[in-house]
Every structure is written in C-alpha cells, then in structure tokens.
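A.B. asks: In terms of the UniProt record's numbering, the sequence shown has 165 at position 165, counting the first letter as 1, and numbering is strictly consecutive.
Bear in mind the hints are in silico, worked out from the structure with no lab data behind them. Built from N, CA and C at the ideal position, the CB exists for glycine as well. Wrong hints could be hidden among the right ones.
Claimed, not checked - Using 35 Å as the maximum straight-line C-alpha spacing, the simulated DSBU-like pairs for lysine-lysine come out as follows:
no., residue 1, residue 2
1, Lys12, Lys64
2, Lys51, Lys70
3, Lys51, Lys64
4, Lys70, Lys32
5, Lys70, Lys12
6, Lys12, Lys51
7, Lys12, Lys32
8, Lys32, Lys57
9, Lys57, Lys12
10, Lys32, Lys64
11, Lys51, Lys32
12, Lys57, Lys70
To be verified - Label-pair restraints from in silico Cβ distances:
no., residue 1, residue 2, range
13, Tyr33, Arg67, 12 to 22 Å
14, Lys12, Val55, 43 to 53 Å
15, Ser17, Gln117, 16 to 26 Å
16, Pro53, Ala80, 41 to 51 Å
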Amino acid sequence: MEVGLLLEGEAKVWFQSTDFRLFEDFVDGFLKYYWGRGGQSNISGSLYANKNPVVDKYATYFLKYVRDMKHFDEPIPIPALISAVLAHFPRDVQEQFIDDHELTIEHLQRKLQRIDQIRRQGTIKALSPADSATSNSGTFKNKFSPRSPNQQRVSVIQTDTSGILDSNFMPEAEAQLETDSLN
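Go ahead and model the full structure; you've got the sequences and the hints to work with.
C.D. replies: Structure (structure tokens):
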C-alpha cells in the first residue's frame, strides 16, 4: 500500500508491522490506534488545562484546536471551545475579546491574526478592546525617548479620534507621559 510512503516515525513503524489489504482497513486501524477515546481525552484535557502556553502565533494555536475538535466523536460546542482556548492566552489578549458579541471562529481568527501581526512588529502589547478588525476608531502613536545611546524606549498611547488619551487602554501610558515630561 502506498500510504506507508507518506507516514513517518512511529506511524510508519506501526504501519509496517500491520498487514492492511484495503485502504478502509488502514483508516479504521489508524483511527483506533491514534485517534481513539484516549487521544480525544488528551486533547480535551489540554483544552481545559493549558494556561498561558508559549506560542508563536495565537491564531495558529486557536485554529489547531478548531481543527482537532472537528474530528471528535462528540464535538465540543463552538462557544465552549472559544471560551476554553481564550482562557489559555495572557490576560492582555483575553481583554481584547471582553466586549465582543460576535464570538465566531472567523472573528477570533481575524482578531488573533491582528494581535499576532502587532506582536511581530513589536510596537504594542495589545489592541484596545474597542478596536476591532473592522474598526478604525483609534490610532496608535509611538513616543520615543532616549534611554541610552544604543537603546530607545517605546511607550504606546491609545487615543480616540479626537486625539484625547484613552487612559483605559494602558493606565501606565499616562504615568509614562508624566515621567517623560519631567525628563
């Protein structure tokens, strides 16, 4: 069977130790061996127990659980899945979804991709909760102040459309402004 050429590691050894005459037999055997109740229990356990995992991209992490849940014998309802995965993320990321009434897979994926993009740029730690993927209600401004000849300190300030500081976004931003103005 050519399926064996596609497998690697333990799965390849398992395949070679078993004689499958039909593809359907292989699928049944594979699911029983690798995706039985035990595998589903492990994923469910990590869904409800994993807090603040070290992840490169929040959107990819979220979609991994969405993908895995599609194959469960008894899928977890989408709202429960979303709540459980959001609980894994740091508080500043969770806060981005507090006022969201549109908690769908697509909405979370878009917003998590934006957060990932912003994290990669290294300019801010989080989005304003009022700022959504379809809204341009706020602007981000960077204020640079010299720290040493080789370093720059960046403080990010959220303003509304009138340019007034939104101190609810980052309370430390207001304190940073006062400190910077004294220097």
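A.B. asks: Please go over all the hints and tell whether each is borne out by the structure.
C.D. replies: Status of the hints after comparison with the structure:
In summary, the hint linking Lys12 to Lys64 is supported, as the alpha carbons are separated by about 23 Å, within the 35 Å threshold. Only pairs whose Cα atoms come within 35 Å are accepted, and Lys51 paired with Lys70 is accepted, the gap being roughly 22 Å. For the given pair, Lys51 sits about 16 Å from Lys64 by alpha-carbon distance, which is consistent with the 35 Å threshold. Taking the CA atoms of Lys70 and Lys32, the gap is near 17 Å; set against the 35 Å cutoff, the hint holds.
Taking the CA atoms of Lys70 and Lys12, the gap is near 24 Å; set against the 35 Å cutoff, the hint holds. Our distance criterion of 35 Å between C-alpha atoms is met by Lys12 and Lys51, whose separation comes to about 33 Å. Only pairs whose Cα atoms come within 35 Å are accepted, and Lys12 paired with Lys32 is accepted, the gap being roughly 15 Å. Using a Cα cut-off of 35 Å, the hinted pair Lys32 and Lys57 holds, with the two alpha carbons roughly 31 Å apart.
Pair hint Lys57 plus Lys12 holds up; C-alpha atoms about 30 Å apart against a cutoff of 35 Å. Between Lys32 and Lys64, the direct Cα distance comes to roughly 21 Å. Compliance with the 35 Å bound is thereby established for this hinted pair. Between Lys51 and Lys32, the direct Cα distance comes to roughly 29 Å. Compliance with the 35 Å bound is thereby established for this hinted pair. Taking the CA atoms of Lys57 and Lys70, the gap is about 21 Å. The hint holds against a cut of 35 Å.
For Tyr33 and Arg67, the hinted distance range of 12 to 22 Å is satisfied, since their beta carbons lie about 20 Å from each other. The hinted range of 43 to 53 Å is not satisfied by Lys12 and Val55, whose Cβ atoms lie roughly 28 Å apart. At roughly 45 Å, the beta carbons of Ser17 and Gln117 sit outside the given window of 16 to 26 Å. Evaluation of the 41 to 51 Å hint for Pro53 and Ala80 yields a failure: the beta carbon distance comes to about 19 Å.
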